[in-house]
Structure formats: C-alpha cells, structure tokens
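Novice: Could you build the full structure based on these sequences and the hints that come with them?
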Amino acid sequence: MPEVDRFISSRIGKALKGLFGSSTGWITFIGLSILIFYVVLAVFAPYLAPYNPVKRVGRSLHPPSHEYKFGTDNLGRDVLSRVIYGARIALVIAFLSVAIASAIGIPLGLISGYIGGLFDRTLTLVMDAMYAFPGLILAIAIAALLGPGILNIAISIAVVYAPTYFRVIRNQVTSVKNELYVEAARAIGAKRWEILLKYILPNVFPSVVVVFSMNLADAIMTEAGLSFLGLGIAPPTPDWGFDLSNGRRFILSRAWWALLYPGLAIITVVLGFSMFSEGLNEFLNPNVREKR
Amino acid sequence: MSLKQYIIVRLILAIPMLFILLAVIFFVLRIMPGDPVLAVLGGKAPKAVIDRLRHELGLDKPIIVQFGDYLVDLLKGDLGKSTLTERPVWDEIMDRFPATMELTIFAFIVALAIGVFWGAEAAHRKDGPVDVAARVFAILMYAIPVFWLGLMMQMIFGAYLRWLPIGSRLSPAVNLKVITGFYLIDSIITLNWTAFKDALAHLILPGTTLGLVISSIFLRMVRNNAVLMYSMDFVKAARARGIKERVILYRHVLKNAFVPIMTMMGLQFALLLGGAVLTETTFSWPGMGSYLVLRIKYRDFPAVQGTVVFFALIVIAISIIVDIINALVDPRVRY
Numbered sequence: 001m002p003e004v005d006r007f008i009s010s011r012i013g014k015a016l017k018g019l020f021g022s023s024t025g026w027i028t029f030i031g032l033s034i035l036i037f038y039v040v041l042a043v044f045a046p047y048l049a050p051y052n053p054v055k056r057v058g059r060s061l062h063p064p065s066h067e068y069k070f071g072t073d074n075l076g077r078d079v080l081s082r083v084i085y086g087a088r089i090a091l092v093i094a095f096l097s098v099a100i101a102s103a104i105g106i107p108l109g110l111i112s113g114y115i116g117g118l119f120d121r122t123l124t125l126v127m128d129a130m131y132a133f134p135g136l137i138l139a140i141a142i143a144a145l146l147g148p149g150i151l152n153i154a155i156s157i158a159v160v161y162a163p164t165y166f167r168v169i170r171n172q173v174t175s176v177k178n179e180l181y182v183e184a185a186r187a188i189g190a191k192r193w194e195i196l197l198k199y200i201l202p203n204v205f206p207s208v209v210v211v212f213s214m215n216l217a218d219a220i221m222t223e224a225g226l227s228f229l230g231l232g233i234a235p236p237t238p239d240w241g242f243d244l245s246n247g248r249r250f251i252l253s254r255a256w257w258a259l260l261y262p263g264l265a266i267i268t269v270v271l272g273f274s275m276f277s278e279g280l281n282e283f284l285n286p287n288v289r290e291k292r
Numbered sequence: 001m002s003l004k005q006y007i008i009v010r011l012i013l014a015i016p017m018l019f020i021l022l023a024v025i026f027f028v029l030r031i032m033p034g035d036p037v038l039a040v041l042g043g044k045a046p047k048a049v050i051d052r053l054r055h056e057l058g059l060d061k062p063i064i065v066q067f068g069d070y071l072v073d074l075l076k077g078d079l080g081k082s083t084l085t086e087r088p089v090w091d092e093i094m095d096r097f098p099a100t101m102e103l104t105i106f107a108f109i110v111a112l113a114i115g116v117f118w119g120a121e122a123a124h125r126k127d128g129p130v131d132v133a134a135r136v137f138a139i140l141m142y143a144i145p146v147f148w149l150g151l152m153m154q155m156i157f158g159a160y161l162r163w164l165p166i167g168s169r170l171s172p173a174v175n176l177k178v179i180t181g182f183y184l185i186d187s188i189i190t191l192n193w194t195a196f197k198d199a200l201a202h203l204i205l206p207g208t209t210l211g212l213v214i215s216s217i218f219l220r221m222v223r224n225n226a227v228l229m230y231s232m233d234f235v236k237a238a239r240a241r242g243i244k245e246r247v248i249l250y251r252h253v254l255k256n257a258f259v260p261i262m263t264m265m266g267l268q269f270a271l272l273l274g275g276a277v278l279t280e281t282t283f284s285w286p287g288m289g290s291y292l293v294l295r296i297k298y299r300d301f302p303a304v305q306g307t308v309v310f311f312a313l314i315v316i317a318i319s320i321i322v323d324i325i326n327a328l329v330d331p332r333v334r335y
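So the sequence lines, in the order shown, correspond to chains G and Y.
Residue 1 is where the first sequence starts when you use my numbering, and the numbers rise one by one after that.
Residue 1 is where the second sequence starts when you use my numbering, and the numbers rise one by one after that.
Take these hints with a grain of salt, some might be off.
Not close to chain G: a few residues of chain Y, all C-beta gaps over 12 Å, as computed [stated by the list, open to error]:
1) I8
2) F137
3) Y250
4) V259
Computed list of lysine to any residue pairs in SDA-like fashion (alpha-carbon distance at most 20 Å, straight line) [stated by the list, open to error]:
5) K17/G / V227/Y
6) K14/G / A133/Y
7) K14/G / A120/Y
8) K126/Y / K255/Y
9) K14/G / D127/Y
10) K126/Y / L146/G
11) K14/G / L271/Y
12) K297/Y / N152/G
13) K17/G / K44/Y
14) K297/Y / P148/G
15) K44/Y / G147/G
16) K17/G / F137/Y
17) K14/G / K44/Y
18) K14/G / G158/Y
19) K14/G / I261/Y
20) K17/G / K255/Y
21) K14/G / K297/Y
22) K297/Y / L146/G
23) K126/Y / P235/G
24) K297/Y / P235/G
Hints are computed from structural coordinates only; laboratory data are not their basis.
Here the structure is a predicted model, which is why all the values come from computation and not from measurement.
Note that CB positions come from ideal geometry on N, CA and C, so glycine has one too.
Specialist: Encoded structure:
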C-alpha cells in the first residue's frame, strides 16, 4: 500500500523500526500505553483536572507553580486542566473524521473496483485529483464553508483522507476480484452484493484496519492545524490547537508554559498513535516486512 | 521523442488533470451544506439583500451554468472580485504570491542542505551514530506540528535571546522599493543593504521552521537512495581504482541517487504548501496562506475559492516542471 506512505504514522513507524530493529512488541506496547493514558484523560477529565477549564481560577499568565502545575493562560484559566480536557476534542474528532472518511472511501472503493468501466475511471480520476491536492488547504476551504462544530470539522478532515481509503480498497478489489474463489462464488450463483460483502470485503479488511489506525495521527495533526488557524471548535472549549494560537499572542511576555504543554500533548498523541498503528500493521500483515 | 515534443505532450496531458482538479474544487465547495451567501451576510439579513448578493455572485443560476462561467472566467485569468475589498482576487493573490514563494524557496534550500549532507553522511556509515541521530530527528520532525515548532523558535530566538524578529517581512522603520515582491531580490537590485539585512533577519525563523519540517523527508530519501547506490558495482569499481571515499560519496553515489530524489521532491511540494499556510499564520507572514485564513474570517468567499484554485494551479505547474526536469536529466523518461 504505497498510499499509506504519506501518513505521519507510516513515516514514524519506519524510522522507529530502523531504530529498534525487530522489537516491534515494545513499540506497540508503548504506543498502546500512551493511547490508554489519553483515553483515560479524556473520559475522566472532570475527575482528573484540578480546575474548571473554562473558568478564571487565578492571575493571568501565572507561571507554573505548586498551585498551577502548568501555569495559567491570559484569562487566568488553568493550563493543565485545559490540556486534560483538550484530549476530548482531539480524540473525538480524530475517531469521527476517520470513521467518516472510511464510510465514504470504502464503499466507493469497493463498488468502483468491482464494477470497473467508465464509472471506475471517472471516480479514480476525481479521487486522484483530491489526493494530489494539499490536504490542509482543502480542509481549510471546507471548514470555512461549514463553520465551527465537531461534526463539521470532522467532515472537513474526512474529505481529505477519503481518497486514501478509496485508492487502497479499489486497488485491492481489482486485484482480488479475479481470484479463483470469487470466480467460484460467481459460479455457484452468488449475487453481486454477496460477492462484494462476503468474499471480497473480508480479504481487504486487514488493510482497512491498518489505514484506519494510521490515519488517526494525521487526523489529530490536521485538527490541530485547523483549530490553530481559528477554524476549529468555538471557544472557550479546551482545544490544543486553539490554545496554541491563543498563547501565540503572549510570546513576547515569555509565557512559554501556555505553548509548551498543549504542543507536547499533540506530539505525544501523534507518537502514540503512530507506534500503535505500526505494531498493528506488523501484526496484521506479518509477511510484508519492510527492508531497512 | 525529442525534448520539445515531450514537453508539448506533457502540457497537453496536464489539461484533463487541471480540468478535474478545478471541477473537484468547484463541486466540493458547492456540495457542502454551507451557503457562501449566508456565510457572508449571516442568517438575519433581509431576503432582498440575500437575493441581490446571490445574483451578484451568480449563485442564482443553474449549477452547470455556474461551472461554465467559472471555467470561462478562469481562462481569462479572472478569479472574481473580493467581497471585502472589491478588488480582483487575482491582483490580491499576486501581491502576496512573492512572499509565499520567498518563504518556500528559502525553506526548500534549508531542507535540501540538511537533507543532502546529513542523508549522505548517514548512508556513508549506515547504522552509525549519524544514521541513528537522523532517525531520531526524523521521528521528531514528523510528530511536531510545524506551527508549534515555529512558536518555540519565536519563544527562544525572539522572546528570550532577542536575536531575530518574530513576525512580518520587514521592520516598519525600513523602507524598500518593491519591484519583484521578493524582498531579498528587491533590496539587492536597489542596493539597499539595510533592507536586505532586515528582510533576511525576518526570513530566517519562518524559513528554517518550514525547512526543518520538510528536511526530514529529504533526509530519508537521500539516505535510502544513497544506501541503494552504495550496493552497486560502480562503487566497488571506484573503490578498486583507489578513489577517495569522500569523492565516491559526493561524485558517484549522490549524483546517481539524485534522479529518484528529484521526482519525490516534486511530490513533497503539496506538503510544503500546507505547511506554508500554517507557518505564515504563525509568523504573520503576509503570503497567500495568511491571506486565505484572513479572508475566511471576513467570509470573503470569492477570495477563498480563488486562493484554493491558485494553489491547485501551483500544484499542477510543479508536477509539470518536475517531469520536464526529469526528462532533461534522464533521457530514458522521454521514451
């Protein structure tokens, strides 16, 4: 699947394998631990966060101290609480956008690959054009039109990645559909949709899982980018990307804590997803080991 | 096929790609449930006002007619008029295009320098400390969002060390006669040494930020291709002839590794453009990216659509240029 090479996860995964050789078990374990950590943060945010993330709890731009571990932002809100709550938006949008992208890309890829002909050629051209276009700029344009909101942001991100699912699925279907077992199913009188869902889909499913898991890190990155540009969730909802764009205004006040921590959160989540998906890839496609 | 013929064929092949990309942009922006007119006016505007703007933007016509108008206007180089400034969008983009190009070219040079030298050294001693360091660097650069790297640069080199300015292209006190829009070139043409130093100082942080993020990709490509070349017989032959390792690395290995690298670099340009939008916003760099983001805030729909179309034109232009350079360097491509 050369398509996944574009994903941050795939690139990080390859570099990690270069570093750690064949001990991918550890990579998967660390990745999974990071993910569980952030899922716990997101789910139990009200119990874990020391303060209300949208209320003033202290002086503005208070440096990290015993009272405010990560300091406070320009409105006197606790940065640690905002980072903890920020995991919610990041994870929800990541999973939602990847779900939407696969809900668009997988059926289209299945049908296009199976039917072939003019329909397939047209759709492939369209998807290739979207694939070649700078993803973030496409997402920006769509997000601008749709306006803020969790679902809208997820849709804008999904449009960017749907062509990847389409390409992966379509290419696999075209190579699988002439296999003997599909021929046999056709011979015993299986209907078209039966062949697609019962015989072809299960064979392309492992690739779907890999693309899905690798896509999550990119979705988080794109979401952070959109909200940094002011196209994300409406404030005051805690969001790492938005908090960074807010903190940007106080760089000359040397308020490093408002920038450092949300950024580290993005980086660690991206690393976590990448490590986990690399391990998953190895587990599901064990014979396709990459050369170093 | 001669080079001239190849270029002509390549240009003709670009037409359907261009058409499809333009159609995708048009229909994606139309299919989406958002309404550009309501986006401009807000929900509470009187119906007469809404209808008038809809008519002005041509949005009351059937969608196929709208698409035809859009293509015809594009052929004339007309991207519509900004609803904010009433100026042609094309002129506004042209004002900002040099800023984006200056930033991306600088970033490209930074990325190329890091990528080629570090990549070559990493390949020379595969799995040595330089190679391991390159992998760690790559992992970090992939995982770090470009705007966060920019913010950290601003914090360290702007706020704490006070070495470099953190925003815009030129200090307000510095005068520069703008000719090409590339400030470095303009200041050289007008022999304005103060402006050159000032423009360069402003360019270093955003350019390095964007360059660092892209460099990790170049680094991998150079390193992997060079490793591949090291296994070739011509390297063995060169060693047998007693040629110095340095010379083998830079003259023989890198030279041969460069053709595949160049193709890949063209493909990375789309990524560079996305990164440029974020970098420009981080550094208040007055290029196309910050223009796009600013006009979104003012709900200037023609400007937003026009900028996206312009980005599409750049992507296609780059892919053509890369193919032509490839054909120049490697004659086999032409056949």
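Novice: Name the hints, by number, that the structure is in violation of.
Specialist: 2, 10, 13, 17, 18, 20, 21 and 23
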